[in-house]
Amino acid sequence: MHKFLIRSFVSSLVLLFTLTVAAVAKDVKAAFVYIGPTGDHGWTYQHDVGRKAVEAAGFKTTYVEGVPESADAERVLRQLANSGHDVIFTTSFGYMNPTNKVAKEFPNVKFEHATGYKREHSNVSTYAARFYEGRTILGTIAGTMTKSNVIGYVASFPIPEVIRGINSFTLAAQKVNPNIKTKIVWAFTWYDPGKEAEAAKALIDQGADVIAQHTDSTAIVQMAEKAGVYAFGQASDMDKFAPKAVLTSVENNWGPYYVDRVKAVANGTWSQKDTWHGIGDGMVVISDLDSQMPADLRSKVKKLQADLASGKVHSFTGPIYDQKGNLMVAEGKTADDGMLAGMMTYVKGVEGDIPK
Amino acid sequence: MIIDLNFVGLIIASIMASAVPLILASCGELITERSGVLNLGVEGMMIIGAISGFALMTVTGSLIVAVFGAMLAGVLISTIFAFLTQTLITNHVATGLALTIFGIGISAMIGKNFVGIPGKEFPILFESLKDTIPLISPILFGHSIVFYFAFALPFMTNYFLKKTKIGLIVRAVGDSPESASNQGINVRLVRYACILYGGAMSGLAGAYLSMIYTPQWIENMTGGRGWIALALVVFSTWNPIKILIGAMIFGGLTIIQFHMQAIGVRIPVQFLTALPYIVTIIVLVVISRDSRKIRLSTPSSLGKSFHKDN
Chain U
0 MHKFLIRSFV
10 SSLVLLFTLT
20 VAAVAKDVKA
30 AFVYIGPTGD
40 HGWTYQHDVG
50 RKAVEAAGFK
60 TTYVEGVPES
70 ADAERVLRQL
80 ANSGHDVIFT
90 TSFGYMNPTN
100 KVAKEFPNVK
110 FEHATGYKRE
120 HSNVSTYAAR
130 FYEGRTILGT
140 IAGTMTKSNV
150 IGYVASFPIP
160 EVIRGINSFT
170 LAAQKVNPNI
180 KTKIVWAFTW
190 YDPGKEAEAA
200 KALIDQGADV
210 IAQHTDSTAI
220 VQMAEKAGVY
230 AFGQASDMDK
240 FAPKAVLTSV
250 ENNWGPYYVD
260 RVKAVANGTW
270 SQKDTWHGIG
280 DGMVVISDLD
290 SQMPADLRSK
300 VKKLQADLAS
310 GKVHSFTGPI
320 YDQKGNLMVA
330 EGKTADDGML
340 AGMMTYVKGV
350 EGDIPK
Chain B
0 MIIDLNFVGL
10 IIASIMASAV
20 PLILASCGEL
30 ITERSGVLNL
40 GVEGMMIIGA
50 ISGFALMTVT
60 GSLIVAVFGA
70 MLAGVLISTI
80 FAFLTQTLIT
90 NHVATGLALT
100 IFGIGISAMI
110 GKNFVGIPGK
120 EFPILFESLK
130 DTIPLISPIL
140 FGHSIVFYFA
150 FALPFMTNYF
160 LKKTKIGLIV
170 RAVGDSPESA
180 SNQGINVRLV
190 RYACILYGGA
200 MSGLAGAYLS
210 MIYTPQWIEN
220 MTGGRGWIAL
230 ALVVFSTWNP
240 IKILIGAMIF
250 GGLTIIQFHM
260 QAIGVRIPVQ
270 FLTALPYIVT
280 IIVLVVISRD
290 SRKIRLSTPS
300 SLGKSFHKDN
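Going line by line, the protein sequences match chains U and B. Note that numbering that gives the first Met the number 0 has the first sequence beginning at 0, numbered continuously upward. Note that numbering that gives the first Met the number 0 has the second sequence beginning at 0, numbered continuously upward.
Just so you know, not all the hints are guaranteed correct.
Stated by the list, open to error - In the DSS-like style, the derived pairs of lysine-lysine whose C-alpha atoms are separated by at most 30 Å in a straight line are: (1) K243(U) / K161(B); (2) K100(U) / K272(U); (3) K119(B) / K239(U); (4) K225(U) / K119(B).
Said to hold, decoys possible - Every beta carbon over 10 Å from chain B, so not counted as near; a handful from chain U, in silico: (5) P67; (6) N96; (7) K174; (8) I183; (9) K301.
To be clear, the hints were calculated from the coordinates, so they are not data collected in a lab. Just so you know, even glycine gets a beta-carbon here, dropped at the ideal spot from N, CA and C.
Start from the sequences and build out the full structure, keeping to the hints where you can.
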């Protein structure tokens, strides 16, 4: 009887051990929550390219698209956490509170929230890209290529991310051409091809010969192509939509980060992090430079790109003044991440007021 | 300040270009509603037209096939609506809403393979005349064939309804299907035809968006224009000429507010963005003040099912 008990105890231990090993070795499953359709060829599309990279690295992935930033998000997150996903990427700013709330309920599931700043539980990380570095490059190109000295900028919503982009772009453009004027039109949409095209057309009709955008569709570069002016691609390489107009694009490259993080979950090395990567880490990628740009501009841009990557050049290097002439960043200093994250004032040289 | 006439011409031309899909879809829906059928599926039929046009253009390479294919796709999807509401006598409102949801879903499904493909250039007429006369020539010349068709359509629709026998039959069916039926008119057949025509025009409006206005396919690219087209029909009190005016006001306010922003007019942007909607509401209120006129011009049997045996 005694022997039997010991034997069954040992065998159950063995069984438990095998089960644990099996559990550790089981496939890591990653889930992605998208704000838009994967077919937007912009923000969500690029996240989905990243997801495919995770898939290519040998992990199982699922995604839910078109999830509103409301109570629906919580429900989707809970369901994903319940159905055996080990890491969940929530790819829009508005998922910040739902992500933290659900993370509390599922301490064993890792959560990765894009563009947010709340990490209330140890299983929540945040990540974002320094897109403003890309806009420094676009500003340099725009300031050099413009003949009318009027540059158009189609903006989406007045949030720090967009203001930072406008400032970074304008500072770089002014550096190469002090006479430029940046005209800004707020479209109040991230994604409405018709409206974006109309906004771009208005800027072109008013003399802008280079158009930058902080909205997601390809309608603006196509409008630029039709009107014979220059433009830049947003989020993905938009060159094939407007081969003559597009001088270069700033691409969002999430793949390497996603693969890294999913691998960390698989190895058990995942820990909470706040990631803000730029050109240097390859999260922001500059597409091929168009051959219409003069050779010296192209080599200048290449050098700027390398300097931004190495940290030798910072997009916000003083002296920087705001519109009223108050000093924002002193000479020789650079703006710190706290200032960048909350940037809600225009720098000197940007026309108009920020809509309130 | 000297006003550059060419600049004004360019603004008017952009306003007209943005009004094209609204005019097409509204004029189609107007005929449908004049026959007494309320089809709330305009947005769905439009997006089906948009994906069909774009897909056919990419696959066949022929713009003519694509344009007519988009219209045919609009006809096919509206056939579902016609069958449900006319043969199975379902509720117009519910069926129309279902049609919109169905259209948006199925277009996204078909569209998966067509994301990220640039569109083809659509031929432009009278391009050489574009810079001849200031103000006038940017408005008149250098547009696609669909553009010219859209601006002729309200007048043709008006003529059709007021001066032709078939137009009279359509109106009769919409105002009093019972009397029309007693006169030996096949009410169901007339309504079928009007629904399918509305589908064709919505399909064409969608194709204009995905092939000419912003030549690309992305999900939900109609962006609620089908709903605006529906509102325009009410706004116009079922008068095609007023549709033209309404579409110009609506398209115009959006574009003018962008111009005001670019010029640097210091008016809150949110107000400018809301302006088209505010003006639409004001005009609707002004129109509805005259309730007699509304009663006279609204098709009396609008949205009511017709049972022949009653």
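- Message: Let me make sure I understand: some of the numbered hints might not hold for this structure. Which ones are they, in numerical order?
- Response: 1, 8
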